[in-house]
Amino acid sequence: MTETQHRGRVLPVTDLSLVVLVGASGSGKSTFARRHFKPTEVISSDFCRGLVSDDENDQSATRDAFDVLHYIAGKRLAAGRRTVVDATSVQQDARRQLIELAKQYDVLPIAIVLDIPEEVCAERNAGRTDRADMPRRVIQRHIRELRRSLRQLEREGFRKVHVLRGVEEVESAGVVTEKRFNDLTHLTGPFDIIGDIHGCSAELESLLAKLGYADGVHPEGRTAVFVGDLVDRGPDTPGVLRRVMTMVETGNALCVPGNHENKYGRHLAGRKVQHTHGLAETVAQMEGESEEFKGRVRRFLEGLVSHYVLDGGKLVVCHAGLPEKYHGRTSGRVRSHALYGDTTGETDEFGLPVRYPWAEDYRGRAAVVYGHTPVPEATWLNNTICLDTGAVFGGKLTALRWPERELVDVPAERVWYEPTRPLRSEAPGGQDGRPLDLADVYGRRAVETRHAGRVAVREENAAAALEVISRFAVDPRLLPYLPPTMAPTATSGIEGYLEHPVEAFAQYAADGVERVVCEEKHMGSRAVALVCRDAAAARERFGVEGPTGSLCTRTGRPFFDDESVTEEILGRLRSAIEDAGLWDELATDWLLLDAELMPWSLKASGLLRSQYAAVGAASGAVFPGALAALQAAAARGTDVAALLDRQRERASDAAAFTTAYRRYCWTTDGLDGVRLAPFQLLAVQGRSLAALPHEEQLALIDRLVEHDGTGLLQTTRRLYVDTGDPESVRAGVDWWLEMTGRGGEGMVVKPAGALVRNAEGRLVQPGIKCRGREYLRIIYGPEYTRPDNLAKLRRRFLNHKRSLALREYALGLEALDRLADGEPLWRVHEAVFGVLALESEPVDPRL
Amino acid sequence: MFLTISTRGDAAHPATDLGYLLHKHPDKAQKFSTSYGTAHVFYPEADDRRCTAALLLEIDPVALVRRGKGKGRGGAPDAALAQYVNDRPYAASSLLAVALSAVFSSALRAVCTARPERAATPLPLRVEVPALPARGGPDLVRQLFEPLGWSVSADPVPLDTEFPQWGDSRYVRLVLESEKLTLAEALRHLYVLLPVLDDAKHYWVSSDEVDKLLRAGAGWLPGHPEQKLITSRYLSRRWSLTRQAMERLELVRLAEADDSEVEAIDNAVPEDTEAAAEEKPAPLAVQRREAILAALRESGAARVLDLGCGQGQLVQELLRDVRFTEIVGVDVSMRALTIASRRLRLDRMGERQASRIRLVQGSLAYTDNRLRGYDAAVLSEVIEHLDLPRLPALEYAVFGHARPRTVLVTTPNVEYNVRWETLPAGHVRHGDHRFEWTREEFRGWAATVAERHGYVTGFVPVGPDDPEVGPPTQMAVFHRADTEKEAKAA
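Protein chains in written order, with UniProt numbering: chain A, 1 to 847; chain B, 1 to 490.
Please keep in mind that the hints were generated in silico from the structure rather than gathered at the bench. It cannot be assumed that every hint is accurate.
To be verified - Which residues of chain B face chain A? A few of them, derived with a C-beta cut under 8 Å, are: (1) PHE42; (2) ALA54; (3) PRO158.
As the list claims (entries may be wrong) - Label pairs and their in silico Cβ distance ranges: (4) A:ALA641 with B:GLN165: 39 to 47 Å; (5) A:THR667 with B:PRO467: 43 to 51 Å; (6) B:PRO467 with A:LEU671: 40 to 48 Å; (7) A:THR667 with B:ASP139: 25 to 33 Å; (8) A:ARG648 with B:ARG49: 28 to 36 Å; (9) A:ALA641 with B:ASP211: 40 to 48 Å; (10) B:ARG342 with A:SER30: 50 to 58 Å; (11) B:HIS25 with A:ARG648: 22 to 30 Å.
Claimed, not checked - Pulled from the structure, derived: some chain A residues nowhere near chain B, Cβ distances all over 12 Å: (12) GLY8; (13) ASP58; (14) GLN140; (15) THR246; (16) THR276; (17) LYS325; (18) ARG333; (19) GLU404; (20) ALA456; (21) GLY512; (22) ARG515; (23) GLY581; (24) PRO693; (25) GLU738.
Glycine included, C-beta positions come from ideal geometry on N, C-alpha and C.
Input sequences plus hints: build the corresponding full structure.
So, in structure tokens, the structure goes:
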């Protein structure tokens, strides 16, 4: 690894490459590798022989050993790690396999030849016990083959060949790591990436001016990046080239080549190319230019690098798009893809090749900005965007500001060139469907979250989520969020109670949260509402045609089978938002809300009938007869007093249970009787509101409720408590006792600051529920309050539920952040899907 | 849970003999521990003329849930199988039958040394079960008890008197009266028929249940007109219920998260079809499979996808024809796949056969690279299970992404529904059908899909092609336009 202190030759070796050491047995390859590369970079055939046969010199294991060697090398190269192969590699066939491997992973194959005299090799081998009896003729054969190979190495495909002759040159040589030309990750911009220009010089000048450039220089030091196709078709290719070349030469711009530059470059180099697709215009316009200018253009075009990786790897710019596995790679096919894109092999009705929709499959982390395919509007798809908006065809010239992700464009002054086919922007799958891929969600996965690191999803849970999402959920585009589960408060030791707010306040105090808000827990079902300002906003932001939003349950199912009912609710929400002035205030045309929809009986009627009411019916039917029978037996003098008492208690518990569930049921007719209580604004255009303090949240929501003229929206009562102040805590407890005493479900205690971390920097629970004593009958059964039952029920385990709540919370936050950042659908869906999958983890469902 | 057994008598044959027959003294209250709680026997009335024995089972609902469960993390119960809110403490379920056999085991066997002649003689009997869970309702209760010589009164119990619109619960107040039966016979009837009527999940089925049923059913079950129903409910239903419940825990949890019944989301495989499908395949389903096979053979396909394979009936047919060299059954329901795998006996299939078939979970709401490169795909009775707004995603996944050379789509023809005598007007054929199309709607859809994705279509009727309303099932055959050209050129 030493790059200094070498007295002799310095060998440049690309940072991502397959380095093949070539030399006879005993030529010192392993020593050389050890000296110049990391131990993990080097794979030796001897080591692999040992792996498969327990004997590093077992020649019968050679085939298997090389299989293993190729396999390991392949894995390393796929992961983008330089790999050094320490084998003799003196035979052409052995090298051919390695060159194919390098091609397969699109890295540079580099040969380093150690040409050492036979005597030295023999002497070294003699000094090693395991090779002492190696016949001299083996080394002789190696050296003969090596000599024969020397001249043909470059022809075989090695992009760099370093030959070190003699012991002295090998000993004194040094290796220096070179970056790839396309690796500009150290440049962070900010950038203005400009689409296909095609000789439209006037439009280019207008766009540069609009972007703030004065004579090719941006006062704030921004860098322009051209995606290629500067030339051909348009009115002033020389003007465009002059501007772009100057900007590149002065360090104000970067440029990648387009297919048109490539072709023109070949023309300039004297190759025979057809003057079609607008090349004739370029050639004609360049006729008036000086030979010096033409030479400058030729050198400029020759020096262009097919794609760039910028901004710490977050941005890739190239002409025709690039799949993730080609990012930062160096091979003929990478260059070809960058210039021409991929085609399906078919031609369309205009005789043009059908392009393979690589962006649909794209799942990479880096944004890919490209051009090449003219479209009417630049739109993001899976973190890729095509900036060719057909300026030369009378469209517009478009730029993307990075990292702002803002689009800036200027219209074409006229149609400069008639397009062969009309500009089309049909989303993949037609206007109606933008595809998600099963690989985005299926199987065992880990979702990266910014708030809690990697969250693992197990295969069986993903399988269950897949079934529910596929069969029952709303369109994933309208499902940008699912609410996390919530842990209950620590089990209370207070007589007669399983849950009590004292523990919740104490838990937050222990987490360092001083101020909490207690929010009334509504007696309904969780609902997530996505409301767009109008159908146009829904189309633009979420890509759907028709619905203006969605209203779903916590598993993503639509609340109402009838779409018109959903639209009616969305309409009422919309007018409340409108009247409260929130569209403008929050600078958005959509709003995502977390809410509770009441009554519970609306959604849970099946469960109510089959389970809750059934228990009420059975108990109501059985007790009168049983009690009468016991009384009669007692009257006869049978000793059943204790049993009678117990049965009376049971009858009264059962009656209390029936009272408890009835509070959750009322009859609704259409939307009459339906209530929606929003309690958190989750996100608006470009912004997650998950970290907005609850006081501000609730103030916004109060205004919504105020401006609802239809009686749909219901306010959420709340009380702020200082967890360190006994007086305040007592007030919180009293509030809860009063509310639940009147039959309320309970309350949720949340940190007032919403998104809060503890002293160790970990997320604290976003909410803790404290359920009322009577409500818990519905959960733990009619008789749970009996002291012996309570004693058993107190042995409940909350840790898994708490961990689950935090993991789902992190995934929910992640979904909102990804949505706000304008990330592709699959990225948002990945997190949302994760929440649902985790909901199917085994955890005590009573918690 | 509670029931009473009464009899009448006179000075010569005092009613209190019931105490001898039951081996329980009428002046005592006795208790017995059983595995689910304490059973009490006492007599609200006992004189020469009238005697009533009451059996009351006190169930500990918490113990019921916590019994033997340790699956959750940290020992917490994974209570998906057991609910604290449970009718077991109140309803006369299978648990009461167990208690009955434990407490009155001698009476059940008609053993009575003190009054052997009365044990062998019919008595005037009245049995009251105030809360009997009865799947099948009062009608079934009558069908089960009346052939045995009982006069039956079974009144349904309303779910909640405050919400009359909810209708009746699954409980009935049962009163049985007879003068023709011995006490042992009556007890045996109850022992078998209480769990048969109860539609509950069972936790206690053991391998000797068959023997128990044979013993308790001796003398009356073989001639019973509902013998088949009684036997299958008593034995097989419980087995499969328990087994299925184990398979769908993840879905149970998702249903609970949504306050839904698990049946609302785990309904990809209709209840009971596992047995029913084996017995009498619907003729239309057979015709459908024949039509699909014919179209597949005509297309020359060898590698075939069955998208939405359900329980694998079509896969099974495909396996019988060696020209289909690779068959992939895809379904989103893990339960359907499990049942399919069991039906096909995949685990016991020879290696060569097994190598032709794969069953995988997949979803047509997503593109799936595993599905590319096949000759043909079948979507039989699949699209109508999707909400219409989600159909474009399926279209793209199949026609745009997987792009098999041939695609077969079958779906009900809603026009034909008027010809189904059993189908009420305006109803879809299956509870999970999100839509059913007319011929024109289906053809319009197929034409749009074909146009967008480069396919050509043809249509084949399946089943009798009614001159007015068309066939019951409509099938579209899509061929990829580019391969059509090749075929023609060749």
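Worksheet item: Has the hinted range 25 to 33 Å been met by the Cβ atoms of THR667 of chain A and ASP139 of chain B?
Response: holds (29 Å)
Worksheet item: Since GLU738 of chain A was said not to touch the interface, does its Cβ keep a gap of more than 12 Å from each Cβ of chain B?
Response: holds (26 Å)
Worksheet item: In terms of Cβ atoms, is chain B entirely out of 12 Å range of GLY581 of chain A?
Response: holds (32 Å)
Discussion item. Would the hint on PHE42 of chain B be counted as holding, given a Cβ-Cβ threshold of 8 Å to chain A?
Written reply: PHE42 of chain B check passes; min Cβ-Cβ to chain A is 5 Å, inside 8 Å.
Discussion item. Given the hint of 43 to 51 Å, is the C-beta distance from THR667 of chain A to PRO467 of chain B inside that range or not?
Written reply: holds (48 Å)
Worksheet entry | Interface-negative label, ARG333 of chain A against chain B, beta-carbon threshold 12 Å | holds (20 Å)
Practice prompt. Take a quick look at GLN140 of chain A and tell me if its Cβ sits farther than 12 Å from every Cβ on chain B, holds or violated.
Written response: holds (50 Å)
Worksheet entry | Beyond 12 Å from every chain B Cβ - status for PRO693 of chain A | holds (28 Å)
Worksheet item: Regarding HIS25 of chain B and ARG648 of chain A, is the given constraint of 22 to 30 Å on their beta-carbon distance met?
Response: holds (25 Å)
Worksheet item: Per the CB criterion, is PRO158 of chain B less than 8 Å away from chain A?
Response: holds (7 Å)
Worksheet item: Checking the smallest CB distance to chain B, is ARG515 of chain A really beyond 12 Å?
Response: holds (30 Å)
Item to complete: Please settle this one: ASP58 of chain A was flagged as non-interface, so is its CB more than 12 Å from every CB on chain B?
Response: At roughly 33 Å from the nearest Cβ of chain B, ASP58 of chain A sits farther out than 12 Å, so the non-interface label holds.
Violated hints for the displayed structure: none, as all numbered hints are satisfied.
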